[in-house]
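Chains as they are written, first to last, in my numbering: chain X, 559 to 817; chain W, 27 to 317.
Think of the hints as simulated: they come from the structure by calculation, not from any bench. Take these hints with a grain of salt, some might be off.
Here are the simulated lysine to any residue pairs, SDA-like style, with alpha carbons at most 20 Å apart [said to hold, decoys possible]:
| no. | chain 1 | residue 1 | chain 2 | residue 2 |
| --- | --- | --- | --- | --- |
| 1 | X | 721 | W | 223 |
| 2 | W | 156 | X | 630 |
| 3 | W | 232 | X | 634 |
| 4 | W | 156 | X | 627 |
| 5 | W | 232 | X | 675 |
| 6 | X | 638 | X | 586 |
| 7 | X | 628 | W | 233 |
| 8 | W | 232 | X | 673 |
Here is what each chain is made of, one letter per residue.
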Amino acid sequence: MISFQNVGKTYPNGTKALTDVTLTIEQGEFIAIIGLSGAGKSTLIRLVNKMIPLTEGTLNVDGIDVGSLKGTSLRQYRRKIGMVFQSFNLINRTTVLNNVLAARVPDLGFVRSLLGLYSKKDKLLGLESLYKVGILEKAYTRVDQLSGGQQQRVALARTLTQKPKIILADEPVASLDPITANQIMKDFRRINDQENITIIVNMHHVDLALKYAKRVIGINKGKIVFDGPSSQITEALLKDIYGRDINDEDIMFKDEKLV
Amino acid sequence: MTKILCSKMKNWFNQLTLKTRTTRLADGTLSIRPVSLTWFYTLLVVVIVVYFFNLIVLNYFRQISFSFFVSRIPNFFTILAQMVTQLDVDYLSNTLTPLLDTLKMAYLGTLIGSLIALPIAFLASQNIVKNRYLSITMKLILSLFRTLPSILYALIFAFVFGYGTFVGTISLAVFTLAISSKILYENIETLDMGAFQAIESTGATKLQAFTVSILPQIYGNFVSTALYSFEINIRYSAILGFVGAGGIGILLNDAMSLRDYGKVSVMLLGLLFLVLITENVSRYVRKRVNA
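Isolated chain X, as found in the complex:
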């Protein structure tokens, strides 16, 4: 369970990214965070694994006070949290399998990680993750030869190899074409259904968020303005979240009806 208690984030330059966020997320939920760019979506997601430290309030994940974590305890905590990025963040000059296995590095000694000596168990885990996202046959291909959608699948498989309890995804489909984006979102949904992993996805595209997430959190200027099941979203609420009418840029499949 993730619980935010009056959490706020002020950056060193004085920018107030989040104010007074209070939320509870149960294990196994699928949450989409929507809002304009600059609203604080990325900050919110990065507070969870402390890629960005919070400045106000308390954040508690499965009984662990995230704010007080550092060094070894922080790294230990991060092992259970996967992260997927908009730009995939893969290691380009190496194979798909090596990328996926990189998620096992925290358990490896220095020499073994330097030489890439992963255990048989880890390799099997990596290959199984690739199978789950449907690109097992690409295991020995270099990642820079894959398409964007395939690369994001590798990133997803890397995260699964971590055996996470929570997956954070920061705009995972923003740089993909609509059809691929749809497929990646389906992968997320399937993983959520089958493995009971909590998934928190930042997205700009309203239609995809409503289609795949079970719960939607709307952020406007660092504050939560909506939090509820995706079925409850109305045009009026979207206007509150975005501070304006929804336009073509906020929707991936422009021909389908939104709400």
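Assemble chain W onto chain X, guided by the hints.
Same frame as chain X, now just chain W:
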């Protein structure tokens, strides 16, 4: 014509007086060119060149007459001619062991220096080590290392550890370390840190994230740099022998002081052969690695 010349002159004057230049378009919109200091830098370069030319070249001819200079030119060709006509082919067998020593020194020195350069580059990279003071200190130490020429290292190490190939090897290692860690940390600082960040987010330490995400990205450049250092080191290790660091340089120094140009040319040919081989091998390996 005079009109164009006048406006050119005016522009020049405006630049000298640090005024901006404006052009009026047909509808009255102004395009403003900012003050350019190009003329100043051009002038600066010309002044420096003239000053140095006077200092070095003209001063030489003030002390030594031009006719003397011309009369000495044929000596250059005399030496060249001696190198060809007195070519001492029998001496070749004597040069093989020292040539091999030179190769060994260069090889081992390059290997040791390049490997140590990796952790040093890690510590000097600002985007990985967030402690500014640490990376700046590392960079300062590295520039200090680069300031000293490798022959000076050989002199110092020979004084400390005695003469021979060991001294040559460590001098070359230090020199390789100094140049390749600079090339590597500059490479690392331009890398996209996305992959590093992703691995860090899995709970890996900075060192683990570095080995897994940064090393594969700099691998090609690392090998190229090592090979390039190897090529330079082969040439350098020939000179290092002059100060007692082992290898072909010792014999080369002896033959040069005895003006035995026949032996010199044999050794130079041997060196040329060595350089040609290493250059071709390294070009081949570089191609394979960067493919």
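>> So if I understand the rule, the pair passes when the alpha-carbon distance is 20 Å or less; does residue 156 of chain W with residue 627 of chain X pass?
In response: With Cα atoms ~18 Å apart, residue 156 of chain W and residue 627 of chain X stay inside 20 Å; holds.
>> For residue 721 of chain X and residue 223 of chain W, compute the direct alpha-carbon distance and say whether it is at most 20 Å.
In response: holds, 18 Å
> Quick one, are residue 628 of chain X and residue 233 of chain W close enough, alpha carbons at most 20 Å?
Replying inline: Holds - the C-alpha atoms of residue 233 of chain W and residue 628 of chain X are around 16 Å apart, at most 20 Å.
> Straight-line Cα separation of residue 232 of chain W and residue 673 of chain X no greater than 20 Å?
Replying inline: Holds - the C-alpha atoms of residue 673 of chain X and residue 232 of chain W are around 17 Å apart, at most 20 Å.
> Hey, residue 232 of chain W versus residue 634 of chain X, does the alpha-carbon distance stay inside 20 Å?
Replying inline: Holds: residue 232 of chain W and residue 634 of chain X sit about 14 Å apart, inside 20 Å.
>> Does residue 586 of chain X sit within 20 Å of residue 638 of chain X, going by the straight-line distance between their CA atoms?
In response: Measuring from Cα to Cα gives roughly 14 Å; hence the hint holds.
> Is the hinted pair residue 156 of chain W and residue 630 of chain X satisfied, with a Cα-Cα distance of at most 20 Å?
Replying inline: Holds. Residue 156 of chain W to residue 630 of chain X sits at ~17 Å (cutoff 20 Å).
>> Hint check: residue 232 of chain W vs residue 675 of chain X, CA-CA at most 20 Å. Holds or violated?
In response: Status holds; Cα separation ~19 Å.
When the structure is compared with the earlier hints, no violation turns up for any of them.
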